[in-house]
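Each protein sequence line maps, in turn, to chains F and R.
The first sequence maps to residues 121 to 420 in our numbering.
The second sequence maps to residues 2 to 398 in our numbering.
These are calculated hints, taken from the structure and not from any lab test.
Glycine included, C-beta positions come from ideal geometry on N, C-alpha and C.
Hints are supplied without guarantee of correctness; some may be wrong.
Stated by the list, open to error - SDA-like, lysine to any residue: derived pairs with alpha carbons at most 25 Å apart:
id, chain 1, residue 1, chain 2, residue 2
1, R, 344, R, 125
2, R, 190, F, 315
3, F, 161, R, 221
4, F, 317, R, 198
5, R, 155, R, 186
6, F, 211, R, 181
7, F, 185, R, 185
8, F, 314, R, 198
9, F, 315, R, 205
10, F, 185, R, 376
11, F, 185, R, 221
12, F, 161, R, 192
13, F, 317, R, 196
14, F, 185, R, 199
15, F, 211, R, 384
16, F, 314, R, 344
17, F, 372, F, 129
18, F, 317, R, 199
19, F, 211, R, 125
20, F, 161, R, 308
21, F, 314, R, 201
22, F, 211, R, 201
23, F, 185, R, 195
24, F, 161, R, 42
25, F, 185, R, 155
26, F, 284, F, 274
27, F, 185, R, 213
28, F, 161, R, 206
29, R, 369, R, 396
30, F, 161, R, 178
31, R, 252, R, 186
32, R, 190, F, 274
33, R, 319, R, 376
To be verified - FRET-style restraints, in silico, Cβ to Cβ:
id, chain 1, residue 1, chain 2, residue 2, range
34, R, 238, F, 336, 33 to 39 Å
35, F, 411, R, 231, 33 to 39 Å
36, F, 288, R, 200, 50 to 56 Å
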Amino acid sequence: MSGQTNILNLPEEELVHPGNRACSGCGLGIAYRIGLKALGKDTILVVPPSCLTVLQGLYPIAATKLPCVNVTFASTAAAATGVLAALRAQKRTTTTVSAWAGDGGTSDIGIQALSGACERGENFIFVCYDNEAYMNTGVQRSGTTPQGVVTTTTPIFGKPQQKKDVPSIIAAHGINYVATTSAAYPLDLYDKIKKAKTISGLKYIHIHTPCPAGWGFDPRYTIKIGKLAVETGLYDLYEIEYSKFRLTGESKKNLQKKLVPVNEYFKTQSRFRKLSESQISDIQKQVDEKRKRYLTTIDS
Amino acid sequence: MHIIESGNVAAAIGVKLSRTQVIAAYPITPQTPLTEKLSEFVELGELDAQYIPVESEHSALAVCIAASSTGARAFTGTSANGLLYMSEQIHWAAGARLPIVMCVVNRGIGAPWTVWNDHQDSISQRDNGWIQIYANDHQQIIDSVIKAFFLAEKVSIPVMVCYDGYILSHTYMPFEIPDQSKVDEFLPKFSPNYALHPDEPANLNSVTFPDVRNDIRGNLAPGYMEIRHMLHRDMREAIGEIDEIDKRYLKIFGRGGTPFVEGYKNEDAAFIAVCLGSLSYRLRDVVDTLRQEGINVGVVSIHVYRPFPEKEVVCAFKKAKKVIVFEKALSYGNEGALYADIKSALYSCEERPLVQNYILGIGGREIKTDDLYNTLKDSCTIHKSSICQPKWIGLKM
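Put together the whole structure using the sequences plus the hints.
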């Protein structure tokens, strides 16, 4: 997957205006800019309440050059279904429909509608940008907040539970394309959305989007931290295309080299400050186990 | 063509004749035969629509909201808890000014579970910016559905067509199916002011400030409050539209003339029973009996509940000394919602009739003709002391 597109042959036209309301260093800002280039101009967007609602601008000013309907929190995938149905009813079938929801809007309140749309095989691209907490409302824990992370609703001890594995849940529906990517690897992100456009049915793209304000790091390190998540093996880049799993890009290369210790990632962000030595060593063990599984199952 | 069919089928045929393009629904009793029929029309190719079998009522209305925003005529139907599960979306559809039509097959709401008829479901959704129409019979169901699409698209406000679960939804009655060609003449193709399109990008329903704000060209754009005021203003102006639409429907189909309220022996009546929906026909029978006994009584059923047509309601009570409001719903801890609205409408009249409130038929409790007869007969006296908190008919404990 990686290496198909390089920075020189990305489309030059910007579909997200500069001066939008994203925070400085916002991982979503990068992902959205590149993602819309991949989707192209013949696209209708569906957005539930999330950081993206704010990024796109407050009425009557909009930062996105594509048509977009803002919808209720739980209804993203159902609304995308409705846009598609109306397009079919009007024989406007060339237009791509893409929903962009945050991790809460995907893994928590939006999962029922998303599951329904997966089961019905609706032909749109659902993008989950995962900044690993309810950032727009002020850093409350979500289903995809990793274990041990301090949020405003896990303020003292950090989140006790592990991160919900949303891509696996979606893949279990048997849809044709599930992919994970990261704002730190914009070309990987671009190519995966491009590929999703060529596949029928519901396509699910999960994007890791580092959040300086919510994770507690200097905005200049967004890319560095996004890459560290992959280099430590904590976040993997992969595709499940027609049920076939394969690691892609940096995660594929990781199999050939030694992983960076997870603590190198944890110590870059204040949200991990409550992780104990034993928790860190447990997480390291889990990552090492996962890597072993990859090496045995993928090579064979 | 006249047929004998159920109320749910009457509604489904109305949706078909209206050439609805997107239908999304989730099954709930007693709405199910309506959506079953619609899915059958679509699968048989009798209706060229997208039928989306969604995973919840919340999603049903989400599909309709997005489809309507993308330029398609959209319909859903539900009952009771399904309607409540949609509640957030009901407000959203109105705020977004989308001409969706929804049938509410009235049923009581849990807890405890009930599947039987009352009006608590739609009455609890009266303040969310939808037009609410109550049908009394199958002919009114099919006519109201067709008219509802025209009205919704004319004023850009969604419309609920409410009818009694079982009593209308599952009983069979004769009604006339309008000719498709005449419906096409009455109801043109949906042509929205704006539909989502890449050639003309817009960001719909984005966060809107409390105050007005300039757009990038320096033009003043409304704040949230202006947008909401427009909804209210247009809802009030819809009263005029409803009148016009009724006249046009009457001309084309030969039915109509009572767009807001339907009176029976009310012109000269000193006592008037008031209600929503099919109960009005039960009351007509009782009124006939009481008239034979020399009691000057009539019935008025409210067809349009929101926007509330005060003038037309007051006008229907011309000679009334007392108005007796029978309701299958109430505002708990206060009184019936319709009773409150009627009192409010009468307040500015110089000579006001007394108004009395009865609650009945909650959760499908049988409404006995004897009870209606005795209650109405007892109410046909002028004693101010009789006016107090609503009385419940048919309570056994």
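Verification of the hints:
1. Distance restraint check for residue 344 of chain R and residue 125 of chain R: the Cα-Cα separation of roughly 19 Å lies within the 25 Å cut-off, and the hinted pair is therefore satisfied.
2. In summary, the hint linking residue 190 of chain R to residue 315 of chain F is not supported, as the alpha carbons are separated by about 37 Å, beyond the 25 Å threshold.
3. The hinted pair formed by residue 161 of chain F and residue 221 of chain R fails the criterion: a straight-line CA distance of about 28 Å is larger than 25 Å.
4. Using a Cα cut-off of 25 Å, the hinted pair residue 317 of chain F and residue 198 of chain R holds, with the two alpha carbons roughly 18 Å apart.
5. Distance hint between residue 155 of chain R and residue 186 of chain R is fulfilled; the C-alpha atoms sit about 15 Å from each other, no more than 25 Å.
6. Taking the CA atoms of residue 211 of chain F and residue 181 of chain R, the gap is about 23 Å. The hint holds against a cut of 25 Å.
7. Between the alpha carbons of residue 185 of chain F and residue 185 of chain R the distance comes to roughly 37 Å, so the proposed pair goes past 25 Å and is violated.
8. At most 25 Å may separate the alpha-carbon atoms for a hinted pair to count; residue 314 of chain F and residue 198 of chain R meet this at roughly 21 Å.
9. Annotation: proposed proximity of residue 315 of chain F to residue 205 of chain R is violated, straight-line Cα distance about 28 Å (limit 25 Å).
10. As the CA atoms of residue 185 of chain F and residue 376 of chain R are separated by approximately 64 Å, the hinted pair breaks the 25 Å bound.
11. Simply put, residue 185 of chain F and residue 221 of chain R have alpha-carbon atoms about 21 Å apart, close enough for the 25 Å limit, and the pair holds.
12. For the proposed pair residue 161 of chain F and residue 192 of chain R, the alpha carbon gap of about 24 Å is at most 25 Å, so the pair holds.
13. Restraint check for residue 317 of chain F and residue 196 of chain R: satisfied, since their Cα atoms lie roughly 23 Å apart, inside the 25 Å limit.
14. The hinted pair formed by residue 185 of chain F and residue 199 of chain R meets the criterion: a straight-line CA distance of about 9 Å does not exceed 25 Å.
15. At most 25 Å may separate the alpha-carbon atoms for a hinted pair to count; residue 211 of chain F and residue 384 of chain R exceed this at roughly 66 Å.
16. The hinted pair formed by residue 314 of chain F and residue 344 of chain R fails the criterion: a straight-line CA distance of about 63 Å is larger than 25 Å.
17. As the CA atoms of residue 372 of chain F and residue 129 of chain F are separated by approximately 23 Å, the hinted pair is consistent with the 25 Å bound.
18. Distance restraint check for residue 317 of chain F and residue 199 of chain R: the Cα-Cα separation of roughly 16 Å lies within the 25 Å cut-off, and the hinted pair is therefore satisfied.
19. Between residue 211 of chain F and residue 125 of chain R the alpha-carbon distance is near 38 Å, which puts this suggested pair outside the 25 Å criterion.
20. The straight-line distance between the Cα atoms of residue 161 of chain F and residue 308 of chain R is roughly 41 Å, outside the 25 Å bound, and the hint therefore fails.
21. Between residue 314 of chain F and residue 201 of chain R the CA atoms are separated by roughly 23 Å; this keeps the pair inside 25 Å, and the hint holds.
22. Under the criterion of a C-alpha separation no larger than 25 Å, the hint pairing residue 211 of chain F with residue 201 of chain R is consistent with the structure, at around 18 Å.
23. This hinted pair checks out: residue 185 of chain F and residue 195 of chain R have alpha carbons roughly 16 Å apart, not beyond 25 Å.
24. Between residue 161 of chain F and residue 42 of chain R, the direct Cα distance comes to roughly 36 Å. Violation of the 25 Å bound is thereby established for this hinted pair.
25. Between residue 185 of chain F and residue 155 of chain R, the direct Cα distance comes to roughly 30 Å. Violation of the 25 Å bound is thereby established for this hinted pair.
26. Of the supplied pair hints, the one linking residue 284 of chain F and residue 274 of chain F holds, its CA atoms being roughly 16 Å apart against a limit of 25 Å.
27. With a CA separation close to 23 Å, the supplied pair residue 185 of chain F and residue 213 of chain R stays within the 25 Å bound.
28. Note on residue 161 of chain F and residue 206 of chain R: the hinted pairing holds, with a Cα-Cα distance of about 21 Å set against a maximum of 25 Å.
29. Among the hinted pairs, residue 369 of chain R with residue 396 of chain R is consistent with the structure: their alpha-carbon atoms are about 12 Å apart, no more than 25 Å.
30. Taking the CA atoms of residue 161 of chain F and residue 178 of chain R, the gap is near 45 Å; set against the 25 Å cutoff, the hint is violated.
31. Only pairs whose Cα atoms come within 25 Å are accepted, and residue 252 of chain R paired with residue 186 of chain R is accepted, the gap being roughly 12 Å.
32. This hinted pair does not check out: residue 190 of chain R and residue 274 of chain F have alpha carbons roughly 54 Å apart, beyond 25 Å.
33. This hinted pair checks out: residue 319 of chain R and residue 376 of chain R have alpha carbons roughly 22 Å apart, not beyond 25 Å.
34. The hinted range of 33 to 39 Å is not satisfied by residue 238 of chain R and residue 336 of chain F, whose Cβ atoms lie roughly 53 Å apart.
35. Taking the beta carbon of each, residue 411 of chain F and residue 231 of chain R are about 59 Å apart, not inside 33 to 39 Å as hinted.
36. Taken as a hint, the range 50 to 56 Å is violated for the pair residue 288 of chain F and residue 200 of chain R, whose Cβ atoms sit roughly 39 Å apart.
Violation of the numbered hints given earlier is confined to hints 2, 3, 7, 9, 10, 15, 16, 19, 20, 24, 25, 30, 32, 34, 35 and 36; the remaining hints are satisfied by the structure.
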